[in-house]
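Novice: The chain contents come next:
Number of protein chains: 2
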Amino acid sequence: MMESMRDKAVAEAAKVLEQARSVLLFPHVTMDGDALGSAAALCAALRKLGKTAHVVIEDEIPETIAFLDRGYCTGDLGIVESPDVCVCVDCGEAHRFPRRKALFESGATRVCVDHHESTKPFVEHNCIDAKASATAEIAYDLILALGVEMDREIGEAIYAGILTDTGRFQYSNTSKTTHLIAAALYDCGIDAAGIAIRLYQNVSREKLLLGSRIMGSMEIFAEGRAAMACMTRDMLKDTGARPEEADGVVEELRNIRGVEVACLLKERDPGLVKVSLRSKRYVDVLPLSERHGGGGHARAAGYSLRMPLDEAKETLRQDMGALF
Amino acid sequence: MMESMRDKAVAEAAKVLEQARSVLLFPHVTMDGDALGSAAALCAALRKLGKTAHVVIEDEIPETIAFLDRGYCTGDLGIVESPDVCVCVDCGEAHRFPRRKALFESGATRVCVDHHESTKPFVEHNCIDAKASATAEIAYDLILALGVEMDREIGEAIYAGILTDTGRFQYSNTSKTTHLIAAALYDCGIDAAGIAIRLYQNVSREKLLLGSRIMGSMEIFAEGRAAMACMTRDMLKDTGARPEEADGVVEELRNIRGVEVACLLKERDPGLVKVSLRSKRYVDVLPLSERHGGGGHARAAGYSLRMPLDEAKETLRQDMGALF
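Chains as they are written, first to last, in my numbering: chain B, 688 to 1011; chain S, 688 to 1011.
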């Protein structure tokens, strides 16, 4: 989306939100810092305008990002009857909020705020910009367009979204705009270092143990360009870690010198494996993900495989080998 | 140092450099991205002005930052006789470039460009600003003051310095200015993501193995607020890793939930242990480091202990315990 098109879409969505009395925000399931941060920032801004606004969720908030919920989130699907506007945040497909789909569709008007390459306009008002490093960048524009003054709370939610989705400003999605927004957020008094500490310096011992167990299963193939590792249900039991504590391991695999594509297979049930893919410089992993009904970006994508872990490993060895 | 004092010091140093024909730059030993990045950026800028300029070094450049040396570095202490200006970069004490001390002092004029809290003005012209996130921020100002147009090569060296010393914009030294400089660097066409990949996604398998061995020696004490681990010479032999590949492990220790101060002890010789200290939020580790003849910052400091490893461990248990 070109800059002016994004501006136009944002202005249009702002108009829709201004006219609403009640707004519900829908981050995707398995929330990350960008989904929850963007939804929290928008919720705070809408409340500052006197609207009834809630972030409606259907799964638990991961511990490291729980600080972003400052009274915005609710699991009560009946909290507002006949909402004026429903906004899906950091996702653009109803299957990313399956149990909230009916509620989302009950909105008199619907808005999508997202930055995923794979998202196509699917509701009345779509602010989709795959060039944005994070949905939080678009949420930031939207809040400015609403005429709401940024404050520390909104600023920190936006900052958390950007920090998470850029991997601390290091991924190729980071732009001059990303840094200019970050600089502007300092003016609202955000505790940027404090947010980084909460997100990145808050690792449980269980997570460290799980990470080292997963690393023990590492295999490298495709002439050193592919790395794969698994998280089994036994590893979770042995270490006492929670499944989401495997987050970050796939990036560590990708960080190995010479490795271009990394994959982490997470055994959820005996016959259900979650696949996380990351690439470093040139391989686009999105088509592989989409072929299996998943989504994501060129450098980070994911999907599920309904098969036992061993079969999933063999499938990935072949699929990843074919990427080169 | 106040902004205007820094500006004044930078303007004065720029004048000195403008008048020089030959300039030698001295990054500290055990170069990091900020020391080498700042020196490389200044060297490139001075060469654009037609000066004879070299970065004089006395130890090997660590592999992950070697890409920053685009023909600037030399180990030849006789490369320029009677240099007009000698600039120490990212350090402010001659013992941080021991074998180059005489050469540094042979400069007709000497300049210090540094951001370390512990650095006191010690030469004719001192651009020292402990508020700068990285020496590269001051180098950036100095290059602008010299009237040199930023190009991609200079921009990438500055960016590498900032990225390294802010831990990817996450430490509390990061400021609005840091992000504004980063944004401006995008205008010179820097490949920011490429630099992050070289610095952070370029981990050898040996380093991963060493990291997991070091983690195995971890102990947590002081009611969970202190974490300590050791790198022995045996671990290096067993894994085939180089000593500098332990970089980053002390940050991983600090990242454990509840841990405020982390320490990594690196056995260099049977009777020589290098101590790296990191803190998270509130403990100032610099006084402890200075008491042992070391230096650094409030959140990151280091020194050497001339004693066997076991004795060093016991010393640190006591010293770290006393920090709370």
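Please keep in mind that the hints were generated in silico from the structure rather than gathered at the bench. Among these hints, one or two may not hold up.
Note that identical chains are pooled: a pair holds if it fits in a single copy or bridges any two copies.
To be verified - Derived EDC-like pairs: lysine to aspartate or glutamate, alpha-carbon spacing no greater than 16 Å straight-line:
no., residue 1, residue 2
1, K1000, E954
2, K863, D878
3, K702, D874
4, K735, E811
5, K924, D956
6, K1000, E804
7, K738, E768
8, K967, D878
9, K735, D1006
10, K735, E747
11, K1000, D956
12, K695, E893
13, K961, E768
14, K1000, E931
Novice: Each hint should be assessed against the structure and marked as holding or not.
Specialist: Hint by hint, here is what the structure shows:
| no. | hint | result |
| --- | --- | --- |
| 1 | K1000 <-> E954 | within (11 Å within a copy, 40 Å between copies) |
| 2 | K863 <-> D878 | between (21 Å within a copy, 12 Å between copies) |
| 3 | K702 <-> D874 | neither (26 Å within a copy, 33 Å between copies) |
| 4 | K735 <-> E811 | neither (25 Å within a copy, 55 Å between copies) |
| 5 | K924 <-> D956 | within (13 Å within a copy, 41 Å between copies) |
| 6 | K1000 <-> E804 | neither (27 Å within a copy, 51 Å between copies) |
| 7 | K738 <-> E768 | within (14 Å within a copy, 73 Å between copies) |
| 8 | K967 <-> D878 | between (30 Å within a copy, 14 Å between copies) |
| 9 | K735 <-> D1006 | neither (49 Å within a copy, 49 Å between copies) |
| 10 | K735 <-> E747 | neither (26 Å within a copy, 56 Å between copies) |
| 11 | K1000 <-> D956 | within (15 Å within a copy, 44 Å between copies) |
| 12 | K695 <-> E893 | neither (47 Å within a copy, 51 Å between copies) |
| 13 | K961 <-> E768 | neither (35 Å within a copy, 64 Å between copies) |
| 14 | K1000 <-> E931 | neither (20 Å within a copy, 34 Å between copies) |
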